[in-house]
Amino acid sequence: MNEKPEKLIDKKGLRLDGRKPDELRTIKFEVGVITNADGSAYVEQGKNKILAGVYGPREVHPKHLALQDRTVLKCRYHMAPFSVQERKSPAPSRREVELSKVIRESLEPAVFMEYYPRTMIDVFVEVLQADGGTRCASINAAALALADSGIPMRDLVVACAAGKVEDTVVLDLMDTEDKMGSADVPVALMPNLNAITLLQMDGILSLEEFESAVNLALEGCKQIYPMQKEALKTKYVSVKEENKEEVEE
Amino acid sequence: MATVITRVKQKQIAQLIANEKRLDGRDLLDYREMKIEQGIIERAEGSARVVLGKTEVVVGVKIEMGEPFADTPNEGVLTVNAELVPLASPDFEPGPPDENSIELARIVDRGIRESKTIDVDKLVIEPGKKVFVVFVDVYVLNHDGNLIDASALAAMAALINTKMANYEIKEGEVKIKPGYEPLPLRKHPITVTCAKIGDRLVVDPLREEEQVMDARISFAFDDDDNICAIQKGGSGYFEPKQVFEAAKIAKEKANQLRKKLNW
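So the sequences go chain by chain: A and B. The opening position of the first sequence corresponds to residue 1 in the numbering used here, with each subsequent residue numbered one higher. The opening position of the second sequence corresponds to residue 1001 in the numbering used here, with each subsequent residue numbered one higher.
A couple of the hints might just be wrong.
What the hints assert, rightly or not - In silico DSS-like cross-links for lysine-lysine, where the CA-CA straight-line distance does not exceed 25 Å:
(1) K179(A) with K1170(B)
(2) K229(A) with K49(A)
(3) K1130(B) with K88(A)
(4) K179(A) with K11(A)
(5) K1259(B) with K1116(B)
(6) K1241(B) with K1035(B)
(7) K7(A) with K47(A)
(8) K28(A) with K49(A)
(9) K179(A) with K1122(B)
(10) K1116(B) with K1260(B)
(11) K1011(B) with K1021(B)
(12) K222(A) with K1170(B)
(13) K7(A) with K1116(B)
(14) K88(A) with K1129(B)
(15) K1116(B) with K179(A)
(16) K244(A) with K12(A)
(17) K1122(B) with K1054(B)
(18) K179(A) with K20(A)
(19) K12(A) with K49(A)
(20) K63(A) with K12(A)
(21) K1021(B) with K1260(B)
It is worth saying that the hints were derived from the structure and are not from the lab. If you're wondering where the values come from, they're calculated on a predicted model, not measured in any experiment.
Only chain A is shown next, with the shape it has when bound in the complex (with noise of 0.2 Å):
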């Protein structure tokens, strides 16, 4: 195991990494990268690195799941055996069914169930290598793969951490953050309708500080935003290009 760090939070103000308490880590977002996939996106988040996929809508399996007036989005949130420091089994943790949920219920708010009646649609998040915050790493990749999918959507789903860390409120936890910090709280937002779709804790917080995180985590969400759209828009600008050049040849 890593070393623990004498101090998570330097003289300057400054953290393990050198970021500001308000600074997220740098993200790189990539849309439709599975071409088997009907829509799917590639994010990392710090050293994050996760892939998700959607599938569908397509027919329900089982059958008797199938709704009658709405679709059935299902959501497998797991973690790849050489994602973490130690050998993860890769039989599904109560911490991976736990997060599965949270995050099909983050992205439920956004989907317009009601389109795809007696059908299923399957939202597979694999993280690859894990850092902190992968819950909210997952959110954004998996809300990006379903916009990439075509489903209509009321708004994306963006997602942030914000904690508490020898009491400064920081913005986006890594790992080591996450692990000695004194509270983690992860938000997921609808930024164009103001609407929270995920909200846990752990740890420590009173109420006044945990207003200020929940605040700086939808600072975070608003950052992350713009970075969401610009991937989307970047996979149809190189879409049509490669269909210019299809009728020029």
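Once you've looked at the hints, dock chain B against the given chain A.
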């Protein structure tokens, strides 16, 4: 079937709540009548039954010797499990724990763990080798809504009720001595859940209210009014100001319960 009944009742429930009333005549921010009994299972080291309206949850605590986790060699182990027993609701099925029971167990676990309720340092027999493992098993016996608050209360009541055997180490062997000591506890977290129905927040939702709610949010508060765990659930959303409103409601309700229970 649940969905058919729900559609008919949905409007009624929403209308009542818009007029600040509930199906059972309660105000929006009232809990149902609550009854807590401790020590109901003699075989368990600790136990409690919580009856909240018609919701009933039993928690049994068992303590065994086991190995500590590699990254915490000087700490005892806490394990929380929840069973949605099939006799408790037409919606529960036998079989391995589904996402609902896993989520319930993990919410109860987080409230106890993050508040550092159990003094795990005192559960070490031999550092790195032998510690006490505290198993908290949540058993839902009748589901009429708000399983989260009822289970968290029952778990805490059972932990307060838990007695550990005395022991001594003789020639490297652990020997049980006569007499008991209470499980070392530092905190008494209380979890309060708010459901959003229409644009209103209600506490202690009934099962029928849960079937029509947009979303729920649960807050665990420790003895010093700090939040130690939060979980939003359900397929809807909260506006930021509703989250803060729910947090304030939960804090006030947790304080009221704490006074009443004398925790």
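Going down the list of hints, with the structure as the test:
With a CA separation close to 37 Å, the supplied pair K179(A) and K1170(B) exceeds the 25 Å bound. At most 25 Å may separate the alpha-carbon atoms for a hinted pair to count; K229(A) and K49(A) meet this at roughly 19 Å. Restraint check for K1130(B) and K88(A): the C-alpha separation of about 24 Å stays at or below 25 Å, so the hint holds. For the proposed pair K179(A) and K11(A), the alpha carbon gap of about 21 Å is at most 25 Å, so the pair holds.
Taking the CA atoms of K1259(B) and K1116(B), the gap is near 21 Å; set against the 25 Å cutoff, the hint holds. For a cut-off of 25 Å, the pair hint linking K1241(B) to K1035(B) is broken: about 33 Å separates their Cα positions. For a cut-off of 25 Å, the pair hint linking K7(A) to K47(A) stands: about 20 Å separates their Cα positions. At roughly 9 Å between alpha-carbon atoms, K28(A) and K49(A) fall within 25 Å of each other, so this suggested pair holds.
Taking the CA atoms of K179(A) and K1122(B), the gap is about 22 Å. The hint holds against a cut of 25 Å. For the given pair, K1116(B) sits about 22 Å from K1260(B) by alpha-carbon distance, which is consistent with the 25 Å threshold. For the hint linking K1011(B) to K1021(B), the alpha-carbon distance of about 13 Å falls within 25 Å, and the restraint holds. Distance hint between K222(A) and K1170(B) is unfulfilled; the C-alpha atoms sit about 62 Å from each other, more than 25 Å.
For the hint pairing K7(A) with K1116(B), the CA-to-CA distance comes to about 22 Å; that is within 25 Å, so the pair holds. Of the pairs offered as hints, the one joining K88(A) and K1129(B) holds, with about 22 Å between alpha carbons and a cut-off of 25 Å not exceeded. Restraint check for K1116(B) and K179(A): satisfied, since their Cα atoms lie roughly 15 Å apart, inside the 25 Å limit. Taken as a hint, the K244(A) and K12(A) pair is broken in the structure, with Cα atoms around 52 Å apart against an allowance of 25 Å.
Annotation: proposed proximity of K1122(B) to K1054(B) is violated, straight-line Cα distance about 37 Å (limit 25 Å). Only pairs whose Cα atoms come within 25 Å are accepted, and K179(A) paired with K20(A) is accepted, the gap being roughly 19 Å. Distance hint between K12(A) and K49(A) is unfulfilled; the C-alpha atoms sit about 30 Å from each other, more than 25 Å. With a C-alpha separation of about 59 Å, the suggested pair K63(A) and K12(A) falls outside the 25 Å cut-off, and the hint is violated.
At roughly 24 Å between alpha-carbon atoms, K1021(B) and K1260(B) fall within 25 Å of each other, so this suggested pair holds.
Hint compliance for this structure: hints 1, 6, 12, 16, 17, 19, 20 are broken, all remaining hints hold.
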